[in-house]
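These protein sequence lines are chains B and G, in that order.
If you count the first sequence from 1, position 70 lands on 70 in this note's numbering, and the numbers rise without skipping.
If you count the second sequence from 1, position 231 lands on 231 in this note's numbering, and the numbers rise without skipping.
Hints should not be assumed to be uniformly reliable.
Said to hold, decoys possible - Calculated cross-link-like contacts (lysine-lysine; reagent style DSS-like; alpha-carbon spacing at most 25 Å):
#, chain 1, residue 1, chain 2, residue 2
1, G, K350, G, K364
2, B, K46, G, K9
3, B, K45, G, K8
Claimed, not checked - Counterexamples of contact, computed for chain B against chain G with all Cβ distances above 10 Å:
#, residue
4, L41
5, N50
6, A54
7, K55
8, L59
9, F60
10, V61
11, G66
12, E77
13, G82
14, I83
15, K89
Said to hold, decoys possible - Listed next, with one range per pair, are the computed distances between beta-carbon atoms:
#, chain 1, residue 1, chain 2, residue 2, range
16, B, Q79, G, D40, 40 to 46 Å
17, G, G176, B, L47, 42 to 48 Å
18, B, E77, G, V406, 33 to 39 Å
If you're looking for bench data, these hints aren't it; they were derived computationally from the structure.
Ideal Cβ placement from N, Cα and C applies to all residues, glycine included.
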Amino acid sequence: MQLFNLKRTAMVAMLLGSQLLSNAAMAEDAQFWLNDGAASLNDSKKLVPNAKKAKNVILFVGDGMGISTVTGARIFEGQLKGIDGERHKCQKSEKRDFVRG
Amino acid sequence: MANVINAKKAKNVILFVGDGMGISTVTGARIFEGQLKGIDGERHKLSFEEFPYVALSKTYSTNQQTADSAPTMTAMISGVKTNDGILSLNQSVARNEPSPTVLNANKVTTLLEQAEQAGKSTGVVSTARITHATPAATYAHISNRDWEANANLSAAAASNGVKDIAAQLIDNFGNGKIGDGIDVVFGGGRSYFLPNSITDIEGTKGRRTDGRNLTQEYVSKFGGVYIENQTAFNALNPVTTNKVLGLFNPSHMEYEQDRPNDIAGEPSLAEMTGKAVDILKKNQNGYFLMVEGGRIDHASHAGNAYRTFKDAVALSDAVREAASKVNLNDTLIIVTADHSHTLTIGGYPKRGNPILGKVVEPGKTTPTLAADGKPYTTVSFANGPGYHVNSPGDAVYNESIAAGRVVDMSGVDTEDPDFHQEALVPLSSETHAGEEVAIYAIGPKAYLVHGVQEQSYIYQVMKDAFGF
Numbered sequence: 001m002q003l004f005n006l007k008r009t010a011m012v013a014m015l016l017g018s019q020l021l022s023n024a025a026m027a028e029d030a031q032f033w034l035n036d037g038a039a040s041l042n043d044s045k046k047l048v049p050n051a052k053k054a055k056n057v058i059l060f061v062g063d064g065m066g067i068s069t070v071t072g073a074r075i076f077e078g079q080l081k082g083i084d085g086e087r088h089k090c091q092k093s094e095k096r097d098f099v100r101g
Numbered sequence: 001m002a003n004v005i006n007a008k009k010a011k012n013v014i015l016f017v018g019d020g021m022g023i024s025t026v027t028g029a030r031i032f033e034g035q036l037k038g039i040d041g042e043r044h045k046l047s048f049e050e051f052p053y054v055a056l057s058k059t060y061s062t063n064q065q066t067a068d069s070a071p072t073m074t075a076m077i078s079g080v081k082t083n084d085g086i087l088s089l090n091q092s093v094a095r096n097e098p099s100p101t102v103l104n105a106n107k108v109t110t111l112l113e114q115a116e117q118a119g120k121s122t123g124v125v126s127t128a129r130i131t132h133a134t135p136a137a138t139y140a141h142i143s144n145r146d147w148e149a150n151a152n153l154s155a156a157a158a159s160n161g162v163k164d165i166a167a168q169l170i171d172n173f174g175n176g177k178i179g180d181g182i183d184v185v186f187g188g189g190r191s192y193f194l195p196n197s198i199t200d201i202e203g204t205k206g207r208r209t210d211g212r213n214l215t216q217e218y219v220s221k222f223g224g225v226y227i228e229n230q231t232a233f234n235a236l237n238p239v240t241t242n243k244v245l246g247l248f249n250p251s252h253m254e255y256e257q258d259r260p261n262d263i264a265g266e267p268s269l270a271e272m273t274g275k276a277v278d279i280l281k282k283n284q285n286g287y288f289l290m291v292e293g294g295r296i297d298h299a300s301h302a303g304n305a306y307r308t309f310k311d312a313v314a315l316s317d318a319v320r321e322a323a324s325k326v327n328l329n330d331t332l333i334i335v336t337a338d339h340s341h342t343l344t345i346g347g348y349p350k351r352g353n354p355i356l357g358k359v360v361e362p363g364k365t366t367p368t369l370a371a372d373g374k375p376y377t378t379v380s381f382a383n384g385p386g387y388h389v390n391s392p393g394d395a396v397y398n399e400s401i402a403a404g405r406v407v408d409m410s411g412v413d414t415e416d417p418d419f420h421q422e423a424l425v426p427l428s429s430e431t432h433a434g435e436e437v438a439i440y441a442i443g444p445k446a447y448l449v450h451g452v453q454e455q456s457y458i459y460q461v462m463k464d465a466f467g468f
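Next up, chain B with everything else stripped away, as it sits in the complex (with noise of 0.2 Å):
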């Protein structure tokens, strides 16, 4: 029982600094959204079709896994781990991909 409550106090206490840092990365002004933009910008500049042949290829499938899922999702984890949950990103499955029509 000790050891969970200092556990508990442990992972508390890593979550508040987790805030802290990520409150203090990310203070929001209108400065920030630009550059935040242009960056994402940049990013896409920088993606360059790969039209080769792929070895492997590896299917996820969400089952059910909807739009609103997956935002509701991202913010659950975001809050989960105690950072600003709205403008986190499930990595790697939603950065930098192709969405394509």
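Please arrange chain G on chain B, whose structure you already have, making use of the hints.
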């Protein structure tokens, strides 16, 4: 529509905003239009679904998980996310801030303003009031989206000399201010531009208490013309017209479904878009045009899927009209929504089942019954005024809220235009939803529209396309 990367600058940019046109609304509108045409609804495509590039837009605002149209349009038009109810001011400003000093110090520059400064022509077209949040964010900077006429300002804002949204459409441009006036303005909201001493052609009194007639001021200050009905719109010659203010309704323009009943007659969104392009394209420096399907959102707030879908189809028609008139090698077209709604498409209806009908499963001819023994519709809302019949559009607000499973709909025509879908949570007005919306793009720099992006990214793409 060849899918070859075009990384050149754009001469022109057209931004279409389907207000409240979430992905479920796009799906529903596609099936609705297909079924109206008697073709396969599911396989059908709306005009912008032919565009080669699609991305997702994260719509939260700086203080809202589920945002309203003011900060979302501010994000798209200025690249800066902000607070609820705020138009083109940064997030340090609180809603209702009445100090002109604070407001001036925290303005964010809009793409429309940049286009004006660059000598391009500009246009703002909407089926909503032209002073409503989405169109207003392109030209006004204000701490409350509801301050549409001077009479709507708070006492503090009014006594401090804060300018209302309609006045800003005149006062923010020309005479040493930005550019030389917005070249094409088509929409609703006439009463916000007229003094209360004037009754307009549709019998509504002006709302302004400062004596200003902003329609006359548009004409005298910018050398434009002012029109207010379908006849004058039809007579407007785009070759000889360079600046025009068209206000076709004292408040919002009609839902597409109700447009034939309008008192003075008003053009469709596609007609307004086409004429706007024809007027703006004469400028060799190019143009920026924003077109809003403003009432998709309103129909969803009323819990009326029929008008929601019909106005989304009207937006699709407007996009098609624009795409047919421009050179897609020099014109970037972006179609998106500012936020979603709680409209949902559920059950296991069979292929080709009427999108507004009751759920009938594959192999069946009678509606599937829920656990309460009653049929249910494919389309419903998570919240809102709920089940109503014979209640055209916004007429539902005169009735009491009826959330939940209030009747057995076995004998009810749920495909009727005036049917309002069931809703779970009782609210006087159905709400926006917080999940991502889609961005569709074609033309120069359209290839940058990919991935999961912050809504403010849309501004970056348009700005980059113009080379600003």
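Here's how the hints hold up against the structure:
Simply put, G/K350 and G/K364 have alpha-carbon atoms about 8 Å apart, close enough for the 25 Å limit, and the pair holds. Among the hinted pairs, B/K46 with G/K9 is consistent with the structure: their alpha-carbon atoms are about 17 Å apart, no more than 25 Å. Only pairs whose Cα atoms come within 25 Å are accepted, and B/K45 paired with G/K8 is accepted, the gap being roughly 13 Å. Here B/L41 does not stay apart from chain G, with its beta-carbon only about 4 Å from theirs, under the 10 Å limit.
No beta-carbon of chain G comes within 10 Å of the beta-carbon of B/N50; the shortest separation is about 14 Å. Even its closest Cβ contact with chain G, about 19 Å, leaves B/A54 beyond 10 Å, as expected for a residue assigned away from the interface. Here B/K55 stays apart from chain G, with its beta-carbon at least about 24 Å from theirs, past the 10 Å limit. Separation of B/L59 from chain G is adequate, the least Cβ-Cβ distance of about 19 Å exceeding the 10 Å criterion.
Under the 10 Å C-beta cut-off, the non-interface status given to B/F60 relative to chain G holds; the minimum distance is some 15 Å. At roughly 18 Å, the least C-beta separation between B/V61 and chain G is larger than 10 Å, which holds for a residue marked as non-interface. Interface exclusion of B/G66 from chain G breaks down, the closest Cβ pair being 8 Å apart, not more than 10 Å. Even its closest Cβ contact with chain G, about 14 Å, leaves B/E77 beyond 10 Å, as expected for a residue assigned away from the interface.
With a minimum CB-CB distance of about 17 Å to chain G, B/G82 clears the 10 Å threshold, and the non-interface call stands. B/I83, annotated as away from the interface, keeps every beta carbon of chain G farther than 10 Å; the closest lies near 14 Å. The beta carbon of B/K89 sits about 7 Å from the closest Cβ of chain G, which is not more than 10 Å, so the claim that it is off the interface is violated. Distance hint check: the CB atoms of B/Q79 and G/D40 are about 42 Å apart, consistent with the given range 40 to 46 Å.
The hinted range of 42 to 48 Å is satisfied by G/G176 and B/L47, whose Cβ atoms lie roughly 43 Å apart. A C-beta distance of roughly 38 Å is found between B/E77 and G/V406, which places it inside the suggested range of 33 to 39 Å.
Hints 4, 11 and 15 from the list above are not met by this structure, while the remaining hints are.
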